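Engineer: Sequence lines, in order, name chains A and B. The first sequence begins at 1 in the UniProt record's numbering and counts up one residue at a time. The second sequence begins at 1 in the UniProt record's numbering and counts up one residue at a time.
Bear in mind the hints are in silico, worked out from the structure with no lab data behind them. Owing to the predicted nature of the structure, the values given are computational and were not obtained by experimental measurement. Among the hints, a few may not be true.
[What the hints assert, rightly or not] For lysine-lysine, the following BS3-like pairs were computed, each having C-alpha atoms within a straight-line distance of at most 25 Å:
no. : chain 1 : residue 1 : chain 2 : residue 2
1   : B       : Lys64     : A       : Lys127
2   : A       : Lys298    : A       : Lys154
3   : B       : Lys298    : A       : Lys178
4   : B       : Lys298    : B       : Lys228
5   : A       : Lys152    : A       : Lys236
6   : A       : Lys127    : B       : Lys154
7   : B       : Lys298    : A       : Lys127
8   : A       : Lys127    : B       : Lys228
9   : A       : Lys64     : B       : Lys127
Protein chains: 2
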Amino acid sequence: MADKRRGEAELIAHYFAPLASDKEAFGLRDDAAFLSPPAGYDLVVTKDLLMADVHFFANDPPRKIAQKALRVNLSDLAAKGAKPYGYLLGLGLPNDWKEDWLVDFVSGLGSDQKEYDFILLGGDTVKSPERLSLSVTALGLVPTGSRIVRPKAKVGDSLYMSGTLGDAALGLLGRLGKLPAGMSEDDANYLRNRYWLPEPRTQLAEILQSYVHAAMDISDGLLGDAEKMAKACGAKAHIYTDQVPLSGAAKAVLELDEKLISVILSGGDDYELLMAVSEENEQAFLNHVSQQAVSVTKIGRLETGEGLELSSNKLTLSDSAPLSFEHF
Amino acid sequence: MADKRRGEAELIAHYFAPLASDKEAFGLRDDAAFLSPPAGYDLVVTKDLLMADVHFFANDPPRKIAQKALRVNLSDLAAKGAKPYGYLLGLGLPNDWKEDWLVDFVSGLGSDQKEYDFILLGGDTVKSPERLSLSVTALGLVPTGSRIVRPKAKVGDSLYMSGTLGDAALGLLGRLGKLPAGMSEDDANYLRNRYWLPEPRTQLAEILQSYVHAAMDISDGLLGDAEKMAKACGAKAHIYTDQVPLSGAAKAVLELDEKLISVILSGGDDYELLMAVSEENEQAFLNHVSQQAVSVTKIGRLETGEGLELSSNKLTLSDSAPLSFEHF
Chain A
1 MADKRRGEAE LIAHYFAPLA SDKEAFGLRD DAAFLSPPAG YDLVVTKDLL
51 MADVHFFAND PPRKIAQKAL RVNLSDLAAK GAKPYGYLLG LGLPNDWKED
101 WLVDFVSGLG SDQKEYDFIL LGGDTVKSPE RLSLSVTALG LVPTGSRIVR
151 PKAKVGDSLY MSGTLGDAAL GLLGRLGKLP AGMSEDDANY LRNRYWLPEP
201 RTQLAEILQS YVHAAMDISD GLLGDAEKMA KACGAKAHIY TDQVPLSGAA
251 KAVLELDEKL ISVILSGGDD YELLMAVSEE NEQAFLNHVS QQAVSVTKIG
301 RLETGEGLEL SSNKLTLSDS APLSFEHF
Chain B
1 MADKRRGEAE LIAHYFAPLA SDKEAFGLRD DAAFLSPPAG YDLVVTKDLL
51 MADVHFFAND PPRKIAQKAL RVNLSDLAAK GAKPYGYLLG LGLPNDWKED
101 WLVDFVSGLG SDQKEYDFIL LGGDTVKSPE RLSLSVTALG LVPTGSRIVR
151 PKAKVGDSLY MSGTLGDAAL GLLGRLGKLP AGMSEDDANY LRNRYWLPEP
201 RTQLAEILQS YVHAAMDISD GLLGDAEKMA KACGAKAHIY TDQVPLSGAA
251 KAVLELDEKL ISVILSGGDD YELLMAVSEE NEQAFLNHVS QQAVSVTKIG
301 RLETGEGLEL SSNKLTLSDS APLSFEHF
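Bound conformation, chain A alone:
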């Protein structure tokens, strides 16, 4: 056979079994994993499907593709106040896959498994002729009975977000060569890296359990996602657009082209957390967050009504349509 690449069984034994040393996974020798969450914990499960040249570029560094696939799921877990537990990986390899690509991809998985204390539990490897496709199912742990879900947010809750907004969407523009001329290379690199490597805010998960009515990760753009959260609890999301936290690099972009504020407000891929916090919890919430290495900023409020209201002199709703990234 001209094709010297490994077959499925060999590929699993060689590349993936070393990632699955935990006893639940039986070194991937089996088709299924048994889950025994510790006493006092429930499991949270989430799933994302990612396609080359739809959700990432086929020629992105394989290590970063792997890390992003895990991190978008870790971010969903964080939004539920869940501690990372483990994941299953569905890997659809295109016809032209290469061993050195896979080596780099697997090293990305291994490094994030360590960073986030996350284990590989199982998965499936198949052929996906035209393009790499990835499916990650992530499992997390929450104290039994804990249910941070959107419908618990209430009118009067303040809306907070973690980190800074828009870096990933601007990084994507940079990846496409569409950032304004005159950007510094450092800023452009910073933004591209934020697009490649979201930072799941797992360190906020426990705080969310105690002080937050509802949380979600901002994956499809702040405005669209805030509207979704508001809709789920029958309220209007009032967003203080001029309070939105921006990185130095994002500010530099706006100085060159202020219209790009709409990309910042509606662009996807940030994976920062959007949180609804009641007035009585607000101080305790801020006190606890201040002990973590991540900042949060008040960016709005849930009010009586429906839809979205933006308060800013510079921006009206029609400027920023569409509100969010649509996968269709």
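Starting from the known structure of chain A, arrange chain B on it as the hints suggest.
Structural biologist: Frame of chain A, contents of chain B only:
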């Protein structure tokens, strides 16, 4: 917009939310599901990725594509002695997807959810430009501490299989127009249906818990899968090839072309269970199975050694290579 098809959010609300009435799924309004297995139960999780024209034909009936995607996972759960609990669906829709296709696909999901008491917990819907891709993560329940895994099988165990062998592989030949001339239409339909609709042997799950050392579903062909099971417990799989249970339709095929025995022994997609049963459990195992609407047949034995031995006058190992379906 010329494209009148629904966007992602509308698509989920319209088609998938009605399938997710269980409280764990929150009507799919959220990005994650909370799992609370009943006291005394552990969760088992398994995952399959399926690509159009790799694992099924893009022009197969959508209802059957949906059912097969669930059933190959239900079969993995049955092999672990697990009762169906729920699933997450990753749906990658090709550029040319049609609403009536989706209606039929969703009806297949709904009908199998009812038949197998299986609930939709969540998922993800994305664009998969060239071909439909499906990712199913299935969760099942086993009594706490139960671990039916291959390495527990022992030399001396008898090998049993459920149902009949080879129908799906012959059905695939039929789907490709490659069955021998002279088949009756009824037999051809029977085989094609066995290819489209595997029957996960969930009714054996509880019996497996009590009387079986190891079990797996025969997805990649009996010979290859038996060798895998044997390897995992350091034994040789001796298969009594002339004892293998055949349907009437499969017998009719062999009368027309006896060489197709190699397709029967090594073809994939049957999703019958292969089980290792110790001598002392054998009678109790058979007694309990006899109360279920599925037959089992003794087809071999785990013996000292390694690899595979076939006992038959008609067949040698080299006749039947490759031993199993390889996804690469």
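Engineer: Which earlier hints can't be squared with this structure?
Structural biologist: Of the numbered hints given earlier, those the structure breaks are 3, 6 and 7, listed in rising order.
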